[in-house]
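Going down the list, the sequences are from chains A and B. Residues 0 to 352 in numbering that gives the first Met the number 0 are what the first sequence lists, from first letter to last. Residues 0 to 352 in numbering that gives the first Met the number 0 are what the second sequence lists, from first letter to last.
There could be a bad hint or two in this list.
The list treats identical chains as interchangeable, and a pair is accepted whether it falls inside one copy or across any two copies.
What the hints assert, rightly or not - In silico SDA-like links for lysine to any residue, alpha-carbon gap of 20 Å or less: (1) Lys106 with Pro121; (2) Lys242 with Glu151; (3) Lys8 with Arg64; (4) Lys8 with Pro281.
Quick caveat, the hints were computed from the structure, so don't treat them as lab data.
Number of protein chains: 2
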Amino acid sequence: MPAARSGIKVGVVGATGMVGRELLAFLEKSRFPVGELLPFSSGKQRKSVRFKGRGLLAPTIDEKRLSECDLVFFVSADEVSRDLAPGLSASGVWVIDDSSAFRLDPKVPLIIPEVNASALSPSQRLIAGPNCTLTGLAVAGYPLHKAFGVAEVRMASYQSVSGAGRSALEELLGQLKASSPAALRRGQAPVLDARKLRARALPAPIAFNVIPQVGSFDGQGFSAEENKVAAELRKIWRAPDIKISVTAVRVPVLRGHSLSAWITLWRPATTAAASEVLAHAPGLALDNNGGYPTPLSCAGRSGVFAGRLRAGTSDRELCLWIVSDNLLKGAAQNSVQIAQELLDRGWLRRDTS
Amino acid sequence: MPAARSGIKVGVVGATGMVGRELLAFLEKSRFPVGELLPFSSGKQRKSVRFKGRGLLAPTIDEKRLSECDLVFFVSADEVSRDLAPGLSASGVWVIDDSSAFRLDPKVPLIIPEVNASALSPSQRLIAGPNCTLTGLAVAGYPLHKAFGVAEVRMASYQSVSGAGRSALEELLGQLKASSPAALRRGQAPVLDARKLRARALPAPIAFNVIPQVGSFDGQGFSAEENKVAAELRKIWRAPDIKISVTAVRVPVLRGHSLSAWITLWRPATTAAASEVLAHAPGLALDNNGGYPTPLSCAGRSGVFAGRLRAGTSDRELCLWIVSDNLLKGAAQNSVQIAQELLDRGWLRRDTS
Numbered sequence: 000m001p002a003a004r005s006g007i008k009v010g011v012v013g014a015t016g017m018v019g020r021e022l023l024a025f026l027e028k029s030r031f032p033v034g035e036l037l038p039f040s041s042g043k044q045r046k047s048v049r050f051k052g053r054g055l056l057a058p059t060i061d062e063k064r065l066s067e068c069d070l071v072f073f074v075s076a077d078e079v080s081r082d083l084a085p086g087l088s089a090s091g092v093w094v095i096d097d098s099s100a101f102r103l104d105p106k107v108p109l110i111i112p113e114v115n116a117s118a119l120s121p122s123q124r125l126i127a128g129p130n131c132t133l134t135g136l137a138v139a140g141y142p143l144h145k146a147f148g149v150a151e152v153r154m155a156s157y158q159s160v161s162g163a164g165r166s167a168l169e170e171l172l173g174q175l176k177a178s179s180p181a182a183l184r185r186g187q188a189p190v191l192d193a194r195k196l197r198a199r200a201l202p203a204p205i206a207f208n209v210i211p212q213v214g215s216f217d218g219q220g221f222s223a224e225e226n227k228v229a230a231e232l233r234k235i236w237r238a239p240d241i242k243i244s245v246t247a248v249r250v251p252v253l254r255g256h257s258l259s260a261w262i263t264l265w266r267p268a269t270t271a272a273a274s275e276v277l278a279h280a281p282g283l284a285l286d287n288n289g290g291y292p293t294p295l296s297c298a299g300r301s302g303v304f305a306g307r308l309r310a311g312t313s314d315r316e317l318c319l320w321i322v323s324d325n326l327l328k329g330a331a332q333n334s335v336q337i338a339q340e341l342l343d344r345g346w347l348r349r350d351t352s
Numbered sequence: 000m001p002a003a004r005s006g007i008k009v010g011v012v013g014a015t016g017m018v019g020r021e022l023l024a025f026l027e028k029s030r031f032p033v034g035e036l037l038p039f040s041s042g043k044q045r046k047s048v049r050f051k052g053r054g055l056l057a058p059t060i061d062e063k064r065l066s067e068c069d070l071v072f073f074v075s076a077d078e079v080s081r082d083l084a085p086g087l088s089a090s091g092v093w094v095i096d097d098s099s100a101f102r103l104d105p106k107v108p109l110i111i112p113e114v115n116a117s118a119l120s121p122s123q124r125l126i127a128g129p130n131c132t133l134t135g136l137a138v139a140g141y142p143l144h145k146a147f148g149v150a151e152v153r154m155a156s157y158q159s160v161s162g163a164g165r166s167a168l169e170e171l172l173g174q175l176k177a178s179s180p181a182a183l184r185r186g187q188a189p190v191l192d193a194r195k196l197r198a199r200a201l202p203a204p205i206a207f208n209v210i211p212q213v214g215s216f217d218g219q220g221f222s223a224e225e226n227k228v229a230a231e232l233r234k235i236w237r238a239p240d241i242k243i244s245v246t247a248v249r250v251p252v253l254r255g256h257s258l259s260a261w262i263t264l265w266r267p268a269t270t271a272a273a274s275e276v277l278a279h280a281p282g283l284a285l286d287n288n289g290g291y292p293t294p295l296s297c298a299g300r301s302g303v304f305a306g307r308l309r310a311g312t313s314d315r316e317l318c319l320w321i322v323s324d325n326l327l328k329g330a331a332q333n334s335v336q337i338a339q340e341l342l343d344r345g346w347l348r349r350d351t352s
C-alpha cells in the first residue's frame with residue numbers, strides 16, 4: 000500500500016523544543032497525512048508532547064527507530080543534525096533539517112518552497128530550511144528579482160527573542176518583571192540600571208533595549224546572523240553576485256521577525272508596478288492600502304506579510320517592511336511545506352515499501 | 000553689570016513636560032550660569048518643578064514675564080512655539096525652540112552645535128533645535144561628510160517610546176502590565192491577543208511589538224518623521240542634494256533612539272580611515288573595539304554613541320550603529336549647548352541691559 004494512503008511515518012528530533020512544539024501544532028492543522036508520529040527529545044531527558052489531542056512520550060534519540068521513519072524533521076541544534084542527518088538520509092529516510100549545519104553545503108538543497116522548490120531532487124534526501132531572518136526577505140523580494148532583477152539589498156532586522164530560544168524568552172520576561180517601572184518618576188522617563196538586569200542567554204539585557212548583535216562577530220565586524228542571511232539569500236535566489244548588507248538587531252518582541260529592506264533593482268520600477276508584482280507573489284500578503292504588518296499582528300499566523308512599499312533613493316530602489324513569524328514561516332511552517340512538496344511529487348515513500 | 004556675571008534670566012515654556020524636566024536637570028548640572036529661572040507649564044494647570052534643590056511653581060504661560068527673560072527655551076508643542084516665539088525673539092529675547100515649528104524656515108538657524116554652530120547669527124534670535132531621531136546621524140555622519148563626501152544615506156530607526164511623550168510611555172507600561180505572560184505556555188512562545196491591548200497614544204500596541212509608523216503618512220507613503228529627518232539633515236549639513244531614505248520605527252524602549260545607517264560616500268574609505276575620522280569627531284563616542292552602544296547603556300548619558308563600523312555594499316559605503324538619548328542630546332542637552340554657544344560668543348545679553 001503506498002505511503003500516501005496509509006500515512007507517513009514521521010520522526011521529529013527536537014520535538015520538545017520551542018520550534019518542535021510549533022512544528023507539531025502546525026503538522027496537526029495541516030493536510031499532511033501523518034500516519035505515525037515519533038517525537039524525540041534532543042536533550043538527555045525524555046519529556047512529553049501533545050499531538051492530535053494525545054500526550055506522547057518524547058524519549059531521547061533512538062537511531063534505530065529514526066531509521067524506520069519515512070521522513071524526519073530536525074528542529075534541534077546544529078551538532079545533532081551533523082551527527083545524524085547524513086547517515087539517515089543515506090539510508091533512504093527523507094530528512095528536513097531546520098538547523099544551519101548543511102545550509103551552505105553545495106550538495107544540499109536549501110529550500111523555501113514558494114521560491115525554489117525546483118531545487119529539490121529525488122536523489123538528494125537531505126534538505127535544509129533557511130535561517131528564520133532571511134525567510135521574509137527571500138519570499139517578498141524574489142518576485143521583484145524575477146520581474147526587475149535585484150542588484151543590491153540592504154536590510155535592518157528587528158528580531159524577536161524567541162529566535163534565540165526558550166531561555167532567551169524566559170530572560171526577557173524575568174528582566175521585565177525585575178525592571179518594569181510602575182510609573183514615571185517625577186514625570187521623567189526612567190533611567191534603568193542595566194547592571195541590575197542579568198543577561199546570560201543574550202549578550203546584553205533585552206528588556207526595554209535593542210541589541211545590535213545576533214551571533215558572534217567575525218574579523219570584519221559582521222555578525223554570524225548577518226553572514227548567514229547574505230550567504231543563504233544568494234544560494235536560494237541562485238544570485239551569487241548580489242550585494243547584500245545586513246544589520247541584525249534583537250528587539251524585545253516575543254515572536255515575529257521584522258525587516259526594513261532597501262531593494263535596489265537593475266531596471267527602474269514604480270511602486271505601482273512593484274505592488275502589482277507583489278500582489279500576486281506566492282506566500283506573501285501585501286498591504287498596499289497604507290497599512291502595515293507588525294510582529295504582534297502576525298504572531299501565530301503562517302506566511303509572510305509586507306507593507307509600506309515606497310520609493311527608495313532612486314527610481315531603481317524600493318523600500319519594503321516585511322514581517323513573518325520566525326517560529327512558523329521562519330521554521331516549522333517552511334519545514335512542513337517542504338514535506339508536502341515531496342509528498343505531492345510522489346517522492347515521499349520508503350524505498351523498501 | 001554684564002549678564003554673564005550676574006547670571007542669565009532663563010524662561011522655560013513646557014517646563015513640566017518630559018523634555019522640560021530633563022532640560023532643568025541638565026541645566027542644573029551644566030556650567031551654564033542661570034541667574035533666575037522662570038518655569039512655565041504650557042498646559043492649563045500650574046504645576047511645580049524642582050531646580051537646584053528647590054521646588055518652583057510653574058504657572059501657566061505669562062507673556063509679559065517671558066519678555067523679561069534673556070533667553071527662553073521652548074520645549075512644548077509646535078502651536079505654542081508658533082504663537083509666542085516670533086514675537087519674543089523680535090522683542091530681543093533669545094529663543095531656543097525644540098519644537099518642529101520653525102526648523103525648515105530658511106530664516107531660522109537649525110543648530111547642532113558640534114555640526115553647524117557657524118550658522119548662528121547675532122541678528123537671528125530665534126533658533127531651532129532638530130528632530131531627536133536625526134541628531135545621532137547628523138553628529139556621527141558629519142565628520143564622514145567632511146572627510147569623504149556623503150552622497151546617500153539609508154537609515155532604519157529604533158525609536159524609544161519617550162519620543163512620543165509621557166502618555167505613550169504610560170501606555171507601554173500599562174500594556175506590559177496587562178499582557179506580560181508570567182511564563183511560557185507548554186514550552187511555546189505565547190501569542191498575545193493584540194486586540195486586548197488598547198493603543199491611543201501610538202497607532203498600535205507597542206508592548207512586545209515594533210511599529211513602522213512615526214507620524215502620519217503622506218501620499219507617497221513616507222511618514223512625517225521620515226520626511227523630517229531627510230529635510231532637516233539636508234539643512235543642517237547644508238547638503239541639499241544628498242539622497243536620504245529612512246524607515247522610522249517605534250520600539251518598546253523607554254529612552255534612547257538607535258539607528259542602523261548605511262552611508263554611501265563620494266570617495267572610497269576603508270573602515271580604518273573612517274574609524275580614525277570618527278575617533279576625533281566632536282560629541283561622538285565611537286566604540287571601535289568590537290563593542291556597541293545600546294539604548295539601555297546610553298540612557299541618561301549626554302552625547303552620541305556609535306559602534307559596529309563596518310563596510311557596506313561597496314568600498315564607498317560604511318555601516319554604522321548609532322545611539323543617543325532622545326531626551327538629552329536629542330532635545331534638552333542640544334538646547335543647553337546652543338545657549339552655552341550664544342553665551343561664549345558674548346551675544347547672550349539683553350539689549351536693554
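Okay, the hints, checked on the actual structure:
1. Lys106 with Pro121: Within one copy only: 13 Å inside, 71 Å across.
2. Lys242 with Glu151: both (5 Å within a copy, 16 Å between copies)
3. Lys8 with Arg64: Within. Shortest intra-copy distance 11 Å satisfies the 20 Å Cα cut-off; inter-copy 83 Å does not.
4. Lys8 with Pro281: Neither: 29 Å inside a copy, 65 Å across copies.
Hint compliance for this structure: hint 4 is the single one not met.
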